[in-house]
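These are the residues of each chain, in order.
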Amino acid sequence: MTETLEAIYDKCMANEDNIITILQEIQSKIGYIQEEAVNWFSERTNIPPSKFYGVVTFYSQFHQNPRGKNIVTVCCGTVCHVKGAPRVISKVREDLKLKEDQDTTKDMLFTLERVNCVGACSIAPVVLINEKVLGKVTPSKIVKSLKDYKG
Amino acid sequence: MSSEIIVNVCMGTGGIAAGGDLVMEEFTKQFEAAGIENATVKEKCKLHKVGCRGFCARDVLVDVNVDGAVSTYQYIQPEMVSRLIQDHVVGGRPVKEWLVGDDYHTFHDNQTKIVLGDLGKINPESINDYLGVDGYKAAEKALTTMTPAEVIATVKESGLRGRGGGGFPTGLKWSFCAANKSDQYYIICNADEGDPGAFMDRSVVEGNPHAVIEGMIIGAYAIGASIGYVYIRAEYPLAVDRLHMALKAAKEHGYLGEKLFGTDFNFKIKVKLGAGAFVCGEETALIASIEGERGMPRAKPPFPANKGLWGKPTIINNVETFANLPHILNKGAAWYASIGSEKSKGTKVIALTGKIRNTGLIEIPMGMPLKDIIFNIGGGIEGNRLFKAVQTGGPSGGCIPQQHIDLPVDYEGLASVGSMMGSGGMVVLDETDCMVNISKFFLEFTQSESCGKCVPCRIGTKRLLEILTRITEGEGKEGDIELLQELAEDVRDSSLCGLGMSAPNPVLSTIKYFRHEYEAHIKNKKCPAKVCNKLLTFFIREDMCVGCGMCLRACPVNAISGEKKMPHKVDNNLCIQCGSCFDACKFSAVLKE
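Chains as they are written, first to last, in our numbering: chain A, 1 to 151; chain B, 152 to 744.
Hints should not be assumed to be uniformly reliable.
Taking lysine-lysine and the DSSO-like style, the derived pairs with C-alpha atoms no more than 27 Å apart in a straight line are [what the hints assert, rightly or not]: (1) Lys737/B <-> Lys144/A; (2) Lys180/B <-> Lys247/B; (3) Lys685/B <-> Lys141/A; (4) Lys399/B <-> Lys11/A; (5) Lys419/B <-> Lys402/B; (6) Lys307/B <-> Lys463/B; (7) Lys458/B <-> Lys136/A; (8) Lys685/B <-> Lys99/A; (9) Lys421/B <-> Lys11/A; (10) Lys716/B <-> Lys737/B; (11) Lys307/B <-> Lys288/B; (12) Lys144/A <-> Lys716/B; (13) Lys458/B <-> Lys51/A; (14) Lys197/B <-> Lys180/B; (15) Lys136/A <-> Lys737/B; (16) Lys307/B <-> Lys197/B; (17) Lys150/A <-> Lys264/B; (18) Lys743/B <-> Lys144/A; (19) Lys97/A <-> Lys51/A; (20) Lys141/A <-> Lys737/B.
Hint data in this document are derived by calculation from the structure and do not stem from the laboratory. Note that this is a predicted model, so its numbers are computed, not measured.
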């Protein structure tokens, strides 16, 4: 852990990077913004942790909790919305047994996320499972696709 | 076997989503394998990946070019590749039934392509392809034959206005910046396209990244910036990759770095990844984000052109604005100013989407009537339903109804009906779309993207959303419409930045043109478009129901009952109007009223 952070520190100092880039590095190496990592950087750089958390909570890219093995991203652009994205989301929630305030399944297999627009409006509604793009998704189609990722 | 065969596969966002990478892989595999039985295929065939072709609804689009004779195929999937190779590439006979039809040509022939001109023709990963279409000639011309003041004058004369939404004259903005005395100037390309329903900038960066870089070089020279930034959305991995690739190639060819084109001008470009905040499209918020802070806007003036990044004079232009510049420098200001309408010159790239037959990326001369875009280029409404409205400008724009269908699409035209150009998203809505729901959708977006710095936007959008939510859930009260209007006008007039000022547009424009829909929700507790589930009653048509039990299993509250193979029934006392039965039924037996 400390080695990873040291490496990020060295890289970011060499590039004169700012807090956002440091956090982006932490997230790409560790998977999420871990409290210990922020505290470590805070001591090392003499920047208060509040400054880091101000940035973390501002930008939607940063996650403060570990995420599941598979990321299910539902596009919530205008076209996806009018073509049924809200129904797809409720179906995914139901199928993965996610409660209202919950985005990651208990077994850490799936995390449900929304994105403003992926720009593939011609095949709306669109869902991404990890990197794979699924087009013209219906509630029943998404359940079938999710099956392939369940253990 | 002819002398040269080029196969182009669309690898834009739409193309890849439709399976373009798999088609590409199949061509590569089969070309490799062809070496054994037909050596010429391997030697004479060139396989290119190209950027967005525009007509995303027909992806994957593939061109087979035999000695300059181009045949375009639509809906190509990997399993179709071997026949294309056998019949066309080897046999010389195009596969007629897979070729695009007349509508493909109607789609393209009604457009004027400047920014999108080379998209879909050149390989975005090859600088040589870009050089082949006069790439970097404009930058060379500017740096070696013109003074910075002359460049600014040319851009002013061309009438080019910012394509990011505001429509501020580009040349004028540059002259404000250049007028400052400073030891350092910055130029920033805003590629943080965050609107839902917009993918213009992404397609341009993915399909022709060198054009954006060249535009930045021209702008940097004009204002005297030695450092440039591209602020690009991290959610666009392909665009980011291609941008990095293009920057590296440009540096290797001496178009970036020191002493460009043998002059004393130095310029380098850095890439900053946006971390996902819509408000960062606002100039001062974007600058804060590059500096590593929370992306919150500040009061203007001072404008970034006077005091921007690190307190230095800074110019921020949008991707499309930059991509226009090489053409203006090459062909002249007068040529550019001859295209478009009186106050809006040139063309605009538009992401045409929604309930329309030909969805895709298009480019039109400013001032083209809305009608021509929707019915000529767009091919009309899909499924023969009725046109209801077109939403332009994303969450900052408004909905334009049938009565304004002849409206010219330019900055002034759209503003005159309470909408705006925005970055150029155009979502067509039909009779099955509920305008109150659309308005609520955009408010959900702006409310969650509001940075929270100023009260009118932070609290105003929240209250607006609460009212809209209760209307769509059947809890609307007498006087809600007037309350929405009053609050919307307050938010518009008193917010700090463009996000808050334009957030009420969707609400105000839908009330203006579709007030009857709001009234139906509030007074009659009905959703005329049958979208707002809480206002609907679900029931099953006995003559259509086959008793398969799909709805019964889908219902989360056990409100549906019935014996197998016998018609089922919904108990409306138990029903929570979630719509699961409607989605589950394969026989269209579930109805909503």
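Hint check:
no. : hint                  : result
1   : Lys737/B <-> Lys144/A : holds, 16 Å
2   : Lys180/B <-> Lys247/B : holds, 24 Å
3   : Lys685/B <-> Lys141/A : holds, 25 Å
4   : Lys399/B <-> Lys11/A  : holds, 20 Å
5   : Lys419/B <-> Lys402/B : holds, 9 Å
6   : Lys307/B <-> Lys463/B : holds, 23 Å
7   : Lys458/B <-> Lys136/A : violated, 47 Å
8   : Lys685/B <-> Lys99/A  : holds, 21 Å
9   : Lys421/B <-> Lys11/A  : holds, 16 Å
10  : Lys716/B <-> Lys737/B : holds, 14 Å
11  : Lys307/B <-> Lys288/B : holds, 20 Å
12  : Lys144/A <-> Lys716/B : holds, 25 Å
13  : Lys458/B <-> Lys51/A  : holds, 24 Å
14  : Lys197/B <-> Lys180/B : holds, 13 Å
15  : Lys136/A <-> Lys737/B : holds, 17 Å
16  : Lys307/B <-> Lys197/B : violated, 42 Å
17  : Lys150/A <-> Lys264/B : violated, 47 Å
18  : Lys743/B <-> Lys144/A : holds, 26 Å
19  : Lys97/A <-> Lys51/A   : violated, 36 Å
20  : Lys141/A <-> Lys737/B : holds, 13 Å
The structure does not agree with the numbered hints 7, 16, 17, 19 stated previously, though it agrees with the rest.
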